[in-house]
Amino acid sequence: MTQVLLERALDFMIFWGIWLLVPLVADISVAVGYFTTLLFYGEEKLGKKEHLTYYPYVTIVVPVYNSAATLEKCLLSIINQTYPVEYIQVICVDNGSKDNSFEVFQQFQYKYRNMSLMWTSVDRPSKSIALNVGMYSGQGTYLINLDSDSWLDKDAVMHIVQTFENDTALVAATGSIRVDKEVKGNPRLIDIINYCEMIEYLVAFDVGRRYQTITNTLFTLSGAFSIFRRETMLQSFLYQERTVSEDTDLTFHIRNITKSTGRRIGSVVDAIAYVEPIESLARLYSQRVRWQRGEIEVIAMYNKTIPVAFRAMRDFVGRILILDHTLAFSRLVWTFLTPFLYFLGYSLPLVLVAMIGLFVCYLILEILYFIVSYHSVKDSYREKLKKIWWVIFFLPFYRYLAYWFRLAGIVQGVTEPKSWRVENPVKQTIEALKSYCTQRK
Numbered sequence: 001m002t003q004v005l006l007e008r009a010l011d012f013m014i015f016w017g018i019w020l021l022v023p024l025v026a027d028i029s030v031a032v033g034y035f036t037t038l039l040f041y042g043e044e045k046l047g048k049k050e051h052l053t054y055y056p057y058v059t060i061v062v063p064v065y066n067s068a069a070t071l072e073k074c075l076l077s078i079i080n081q082t083y084p085v086e087y088i089q090v091i092c093v094d095n096g097s098k099d100n101s102f103e104v105f106q107q108f109q110y111k112y113r114n115m116s117l118m119w120t121s122v123d124r125p126s127k128s129i130a131l132n133v134g135m136y137s138g139q140g141t142y143l144i145n146l147d148s149d150s151w152l153d154k155d156a157v158m159h160i161v162q163t164f165e166n167d168t169a170l171v172a173a174t175g176s177i178r179v180d181k182e183v184k185g186n187p188r189l190i191d192i193i194n195y196c197e198m199i200e201y202l203v204a205f206d207v208g209r210r211y212q213t214i215t216n217t218l219f220t221l222s223g224a225f226s227i228f229r230r231e232t233m234l235q236s237f238l239y240q241e242r243t244v245s246e247d248t249d250l251t252f253h254i255r256n257i258t259k260s261t262g263r264r265i266g267s268v269v270d271a272i273a274y275v276e277p278i279e280s281l282a283r284l285y286s287q288r289v290r291w292q293r294g295e296i297e298v299i300a301m302y303n304k305t306i307p308v309a310f311r312a313m314r315d316f317v318g319r320i321l322i323l324d325h326t327l328a329f330s331r332l333v334w335t336f337l338t339p340f341l342y343f344l345g346y347s348l349p350l351v352l353v354a355m356i357g358l359f360v361c362y363l364i365l366e367i368l369y370f371i372v373s374y375h376s377v378k379d380s381y382r383e384k385l386k387k388i389w390w391v392i393f394f395l396p397f398y399r400y401l402a403y404w405f406r407l408a409g410i411v412q413g414v415t416e417p418k419s420w421r422v423e424n425p426v427k428q429t430i431e432a433l434k435s436y437c438t439q440r441k
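Going by the UniProt record's numbering, the sequence shown wraps up at 441, each residue one higher than the last.
Among the clues, some could well be false.
DSBU-like, lysine-lysine: derived pairs with alpha carbons at most 35 Å apart [as the list claims (entries may be wrong)]:
1. Lys154 with Lys378
2. Lys181 with Lys127
3. Lys111 with Lys154
4. Lys387 with Lys98
5. Lys259 with Lys49
6. Lys181 with Lys386
7. Lys378 with Lys184
8. Lys259 with Lys111
9. Lys73 with Lys386
10. Lys387 with Lys259
11. Lys73 with Lys387
12. Lys73 with Lys127
13. Lys111 with Lys98
14. Lys259 with Lys184
15. Lys73 with Lys111
16. Lys387 with Lys184
17. Lys259 with Lys384
18. Lys378 with Lys73
19. Lys384 with Lys49
20. Lys181 with Lys73
21. Lys387 with Lys154
22. Lys98 with Lys154
23. Lys386 with Lys111
24. Lys384 with Lys111
25. Lys73 with Lys49
26. Lys111 with Lys378
27. Lys98 with Lys49
28. Lys98 with Lys73
29. Lys386 with Lys98
30. Lys259 with Lys386
31. Lys378 with Lys49
32. Lys154 with Lys181
33. Lys98 with Lys184
34. Lys259 with Lys127
The set of hints was computed from the structure by calculation and includes no laboratory data.
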């Protein structure tokens, strides 16, 4: 009897140790790395900003596609910058709009005649081409890309210029993206998802991008809001269409062409752009699939930078592959095998206690991330976070859901053509799995 109990206990520990605790330990290790780096090296590596003695010319490129509803708010956020407007050039590049975006621009241009506002068009719908046209035409020392459905914090451009002027080694940077969501009294499911999204973005940029800046391991210059020195951008191949993640592709390219010069890419965490929350689960699915697919495509194109397996953890690309892809199979077991433990003879209370323990561990991580990020935000945004503190208890479930969406991106990334777009999430994922299984045969 004792031997049977020992064998069962050993089997149980092996199962939980390999399939459940290994991913947890990996996530905890990442968190420890983040907090330690930010605590001991944050201020030193990020540097201090000195006041400007002059104002360099800045170009903001805004790609426009059916943006009539959001373009005016975007442009207003630019003209209301604390950075002198006479040193800002705005280039709106239309890429096939079918609404009255141009009329909105015309009215704005007529109203604010003291501002340098330009409008140009490209032949076909392509954000990459629109950005390239604007970047190539820009006259600014610094080139900023900003999505037309985003709007800037009033100090964003000032923080950008101060950071670049005081850090001559910085050639490109991503700004911070924050979700601006109205807090409601009786939240629906989509509201809870949006609140989770608010905290997710805050942690990703304020903790994640800050850490990547300190360690010089930035993975993506955000396509929604990034900054480049003009000479660096013109030396690059600009935005390409060979992947669904053109911003990550450009990030890797700039890192490759500048690493021998001792220059680097990073982030300006206090330069903030706001975006609307995702409006549906289908859109969230589409977004995460595209991000994950783009990650795979770009890493595959730059595979010469990936070390052999035994040295993978010493390289940031290798670490991303292990954490995002290799450990995916361990997390896969959580969903499919955990319910069977009860039928294999383990008591239901034991299984439930183990699952609750895992949830508590991830909840503690979320609380720590939230606390670190919370103390860096301004008062207005901080007030919103105070009102939705309770959503922290939903974050482990939200991240698990987003993880499954990303897993679908891994599957579809190896089975679908580059031009693929999400239309029917469930159907396309099933078809991708069938296609992959057929190829394996």
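Q | Contradicted hints - numbers only | A | 4, 8, 10, 14, 17, 23, 27, 29 and 30
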